[in-house]
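**Q** For the protein sequence lines, the chains are A and B, in the order given.
Going by numbering that gives the first Met the number 0, 120 is the number at position 121 of the first sequence; the sequence numbering is gapless.
Going by numbering that gives the first Met the number 0, 13 is the number at position 14 of the second sequence; the sequence numbering is gapless.
Derived from the structure by calculation, the hints contain no laboratory data.
Just so you know, even glycine gets a beta-carbon here, dropped at the ideal spot from N, CA and C.
Misleading hints may appear alongside valid ones.
Said to hold, decoys possible - If you anchor each label on the Cβ, the simulated ranges turn out as follows:
1) 94/A with 230/B: 31 to 41 Å
2) 186/A with 173/B: 14 to 24 Å
3) 251/B with 83/A: 20 to 30 Å
4) 196/A with 104/B: 34 to 44 Å
5) 119/B with 15/A: 26 to 36 Å
6) 42/B with 86/A: 48 to 58 Å
7) 79/A with 0/B: 17 to 27 Å
8) 254/B with 117/A: 52 to 62 Å
9) 34/B with 163/A: 27 to 37 Å
10) 197/B with 69/A: 46 to 56 Å
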Amino acid sequence: MEYSAIHVRNLSKSFRKRRGFRSGSRIQALESVTFEVEEGETYGLLGPNGSGKSSLIRILSTLLVPDSGEVSLMGHSLPHEQQEVRRIIGRVSVDAAFYKKLSARENLLYTALLYGRKAAEAEKRAMEVLERLGFQNTSFSTPLEEMSRGMQQKISIARALVIDPPVLLLDEPTTGLDPKSRRDVQSFLEELRSAQGTTILLTTHDMAEAERLCGRIGFLAQGRLVAEGTADDLKRRAKALTLDDAFIHLTGEGLSKKEKPAEEVAVLEKV
Amino acid sequence: METTLRQTWAFMFRGYHLTRRYISWVIVFNFYALVTSATVALIGVAAHDYQLTLTLVVGALLWNFLSMLYNEIAMSIAYERWEGTLEYTFMAPVSRSIHLLGISLFSLLNSIVQTIIVLVGLMFFTDIDFRGANLIGVLVVLAVSTLAFIGLGLMAAVLPVMSAERGAEATHIFQGSLLLVSGVYYPVEVLPKWMQPLSAMSPATYTLTACRKLIGVGNIDSRPGHLVGSSVSQVGHELLILGFMGAVMLPLGLWIFGRVEAWAKQHGKLKRTG
Chain A
0 MEYSAIHVRN LSKSFRKRRG FRSGSRIQAL ESVTFEVEEG ETYGLLGPNG SGKSSLIRIL
60 STLLVPDSGE VSLMGHSLPH EQQEVRRIIG RVSVDAAFYK KLSARENLLY TALLYGRKAA
120 EAEKRAMEVL ERLGFQNTSF STPLEEMSRG MQQKISIARA LVIDPPVLLL DEPTTGLDPK
180 SRRDVQSFLE ELRSAQGTTI LLTTHDMAEA ERLCGRIGFL AQGRLVAEGT ADDLKRRAKA
240 LTLDDAFIHL TGEGLSKKEK PAEEVAVLEK V
Chain B
0 METTLRQTWA FMFRGYHLTR RYISWVIVFN FYALVTSATV ALIGVAAHDY QLTLTLVVGA
60 LLWNFLSMLY NEIAMSIAYE RWEGTLEYTF MAPVSRSIHL LGISLFSLLN SIVQTIIVLV
120 GLMFFTDIDF RGANLIGVLV VLAVSTLAFI GLGLMAAVLP VMSAERGAEA THIFQGSLLL
180 VSGVYYPVEV LPKWMQPLSA MSPATYTLTA CRKLIGVGNI DSRPGHLVGS SVSQVGHELL
240 ILGFMGAVML PLGLWIFGRV EAWAKQHGKL KRTG
């Protein structure tokens, strides 16, 4: 049976925001989001803060249940087949969430055991990934709290990869990294896609990164996917010279908050 | 099966290394547990009352064991929130039963080690001698009551899932309430009348009553160096109630945890900040 690596259709999610004991309002985090990511493709999701990128990643990671819509990864639909989905995804979030007192080795072995992997094999794989990312072997036993943000983020990537997942969900993986570390991570992701055919969903604020890594890019604004295509497509549609300009134009980020992006509807119809 | 064993081991592995890395805090907590237990036991020594000393020592030891077991399980989710790893544990392909079993096993081992440390320490402060006590019977009672306490711990562990900070606070309030109503250092009959029904609902009440009988506390034939402990059949009533509580509370704790996890996923409460 044919299926996309990631299939998202009419996905909506809202949260209730409490104000005091009784009153509250609903915040629409995602509204009728639809997109597909093919196997081996790197798909970029770009959007301003609060546009719903992290909520989307959390839904795909089985950590959040949508209000409506269809989601499936490698043919396994959520939320019904969440255990199957959990076996095939690796996730890197913007904050390198670890047991900071434990060493890189201890954190990675814990993850490997949690996924039912053999410790020795997982350790070998983790070392391969870390060496490829320019990580010093001697730091493997150092507590994470003694490491820089860049080093922690590299370990976060290694953690996602010790289980060799066919789908990688990357939520701003290079935020806060120095240029060298960012380049290391980007090269590694390119290599991963070409060598192993890993499907990657990447959220980022870095337009250059999105242009470099992503075959297609989706712009998310106020919970809606307002545009989708290759970087060149998006620039052409927005009549912009750079992806930055296309992003601002198509998401309405350059407008005051009261104004709605006038192009949204038209762009969506085109897409 | 191999996968399940590795997943269970993952939580033991994590717990062991965290204990190792936080060893100075572990020493501080053990020191504090020993000092508070000794302080209580010395009240009996000061009164030159062997039975009172024995009552207080048994209360201190059992409370150390049960409260540590409850606290480690109940706070396991709060710890993960503080570290920021909760989402990663919840998105791993490990069943919630295995997850909670792994946490409970490590908590059990931790509680046993701390209780042994306190027991050895108390021997330097009192002339307690457990010869004649039915220690095998005590182990049987503890094994049965452990199930109920794991169930209680699981029920309390959902509170930090629901609210990051308030939940952790509530688990301590609940623990304090158990200490108050379970007759740890005094008979429950001295509690205000309206509070006494609460003691009947605490598994710690039956654990303490049974263990004191098995050790020989309150037996007029018990003397220093020669305790007259009851047989297991003489604490059958308490064992039956504890068995029933374990049979109800353990599955109930797992069920409640599952329901709250589903609720948290609906409302986006698994984030570090909740």
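**Q** Decide, hint by hint, whether the structure agrees.
**A** Structure-based check of each hint:
no.: 1; hint: 94/A with 230/B: 31 to 41 Å; verdict: 57 Å, violated
no.: 2; hint: 186/A with 173/B: 14 to 24 Å; verdict: 52 Å, violated
no.: 3; hint: 251/B with 83/A: 20 to 30 Å; verdict: 28 Å, holds
no.: 4; hint: 196/A with 104/B: 34 to 44 Å; verdict: 39 Å, holds
no.: 5; hint: 119/B with 15/A: 26 to 36 Å; verdict: 53 Å, violated
no.: 6; hint: 42/B with 86/A: 48 to 58 Å; verdict: 56 Å, holds
no.: 7; hint: 79/A with 0/B: 17 to 27 Å; verdict: 25 Å, holds
no.: 8; hint: 254/B with 117/A: 52 to 62 Å; verdict: 33 Å, violated
no.: 9; hint: 34/B with 163/A: 27 to 37 Å; verdict: 50 Å, violated
no.: 10; hint: 197/B with 69/A: 46 to 56 Å; verdict: 49 Å, holds
Going through the hint list in order, the structure does not satisfy hints 1, 2, 5, 8 and 9.
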